[in-house]
Amino acid sequence: MFRQKYKVQGEDVDDFMVMENTAYFNYSTSIFNIFLSEKGYSKRKRDALKIILQESKECFIRRKDLMFTQEFFVNLELFDIDNAKQKLNIRSRFFNANNELCAITIGELYWNDSTLLKNVIARC
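Going by the numbering used here, the sequence shown opens with residue 148, and the numbers climb by one from there.
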């Protein structure tokens, strides 16, 4: 599991100051890219390996709203590895400052290099 702290920004919210669904997916992508960078996979290296994170709106569950300027953190979890399809499911769980679960997103990672997954998982 990998954790990153954030704060809800103005561009993340709607007219009622509630974080929009698209912002959750943006943060999910952001934390995943930070995770890969910390594991030694720079943007250039990810592009060369053709690593693609595909998010699906069907895999979004909101339990509690995050509001403008509210601090929160995201837990990134890697699960459900399918080597044959070269696919890894990624779950991002959003918690507010009180450690209450606010939302969950699930995305899929596809890659071309068969050794990539072993290296990423080994470094977790």
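Errors might be hidden in some of the hints.
Dumping the calculated DSBU-like pairs for lysine-lysine here, alpha-carbon to alpha-carbon at most 35 Å [stated by the list, open to error]: (1) 154 to 186; (2) 197 to 152; (3) 197 to 234; (4) 192 to 234; (5) 152 to 232; (6) 190 to 232; (7) 154 to 190; (8) 152 to 192; (9) 197 to 232; (10) 152 to 234; (11) 234 to 186; (12) 154 to 192; (13) 154 to 234; (14) 186 to 152; (15) 186 to 232; (16) 211 to 190; (17) 197 to 186; (18) 211 to 186; (19) 190 to 234; (20) 211 to 154; (21) 211 to 234; (22) 152 to 190; (23) 232 to 192; (24) 152 to 211; (25) 154 to 197.
Simulated restraints, written as ranges between beta carbons of each label pair [stated by the list, open to error]: (26) 246 to 189: 20 to 26 Å; (27) 161 to 234: 31 to 37 Å; (28) 216 to 189: 16 to 22 Å; (29) 196 to 162: 39 to 45 Å; (30) 168 to 216: 35 to 41 Å; (31) 187 to 229: 22 to 28 Å; (32) 180 to 154: 16 to 22 Å; (33) 194 to 214: 33 to 39 Å; (34) 229 to 169: 24 to 30 Å; (35) 210 to 156: 33 to 39 Å.
Derived by calculation from the structure, the hints in this document are not laboratory data.
Computed from a prediction, not measured in an experiment: that's the story for all the values here.
All C-beta atoms, glycine included, are put in the ideal place defined by N, C-alpha and C.
Okay, the hints, checked on the actual structure:
| no. | hint | in the structure |
| --- | --- | --- |
| 1 | 154 to 186 | holds (24 Å) |
| 2 | 197 to 152 | holds (27 Å) |
| 3 | 197 to 234 | holds (13 Å) |
| 4 | 192 to 234 | holds (18 Å) |
| 5 | 152 to 232 | holds (32 Å) |
| 6 | 190 to 232 | holds (23 Å) |
| 7 | 154 to 190 | holds (24 Å) |
| 8 | 152 to 192 | holds (25 Å) |
| 9 | 197 to 232 | holds (15 Å) |
| 10 | 152 to 234 | holds (27 Å) |
| 11 | 234 to 186 | holds (18 Å) |
| 12 | 154 to 192 | holds (29 Å) |
| 13 | 154 to 234 | holds (30 Å) |
| 14 | 186 to 152 | holds (18 Å) |
| 15 | 186 to 232 | holds (22 Å) |
| 16 | 211 to 190 | holds (33 Å) |
| 17 | 197 to 186 | holds (16 Å) |
| 18 | 211 to 186 | holds (31 Å) |
| 19 | 190 to 234 | holds (19 Å) |
| 20 | 211 to 154 | holds (16 Å) |
| 21 | 211 to 234 | holds (30 Å) |
| 22 | 152 to 190 | holds (21 Å) |
| 23 | 232 to 192 | holds (21 Å) |
| 24 | 152 to 211 | holds (17 Å) |
| 25 | 154 to 197 | holds (30 Å) |
| 26 | 246 to 189: 20 to 26 Å | violated (32 Å) |
| 27 | 161 to 234: 31 to 37 Å | holds (33 Å) |
| 28 | 216 to 189: 16 to 22 Å | violated (32 Å) |
| 29 | 196 to 162: 39 to 45 Å | holds (41 Å) |
| 30 | 168 to 216: 35 to 41 Å | violated (19 Å) |
| 31 | 187 to 229: 22 to 28 Å | holds (23 Å) |
| 32 | 180 to 154: 16 to 22 Å | holds (18 Å) |
| 33 | 194 to 214: 33 to 39 Å | holds (35 Å) |
| 34 | 229 to 169: 24 to 30 Å | holds (27 Å) |
| 35 | 210 to 156: 33 to 39 Å | violated (21 Å) |
Violated hints for the displayed structure, listed by number in ascending order: 26, 28, 30 and 35.
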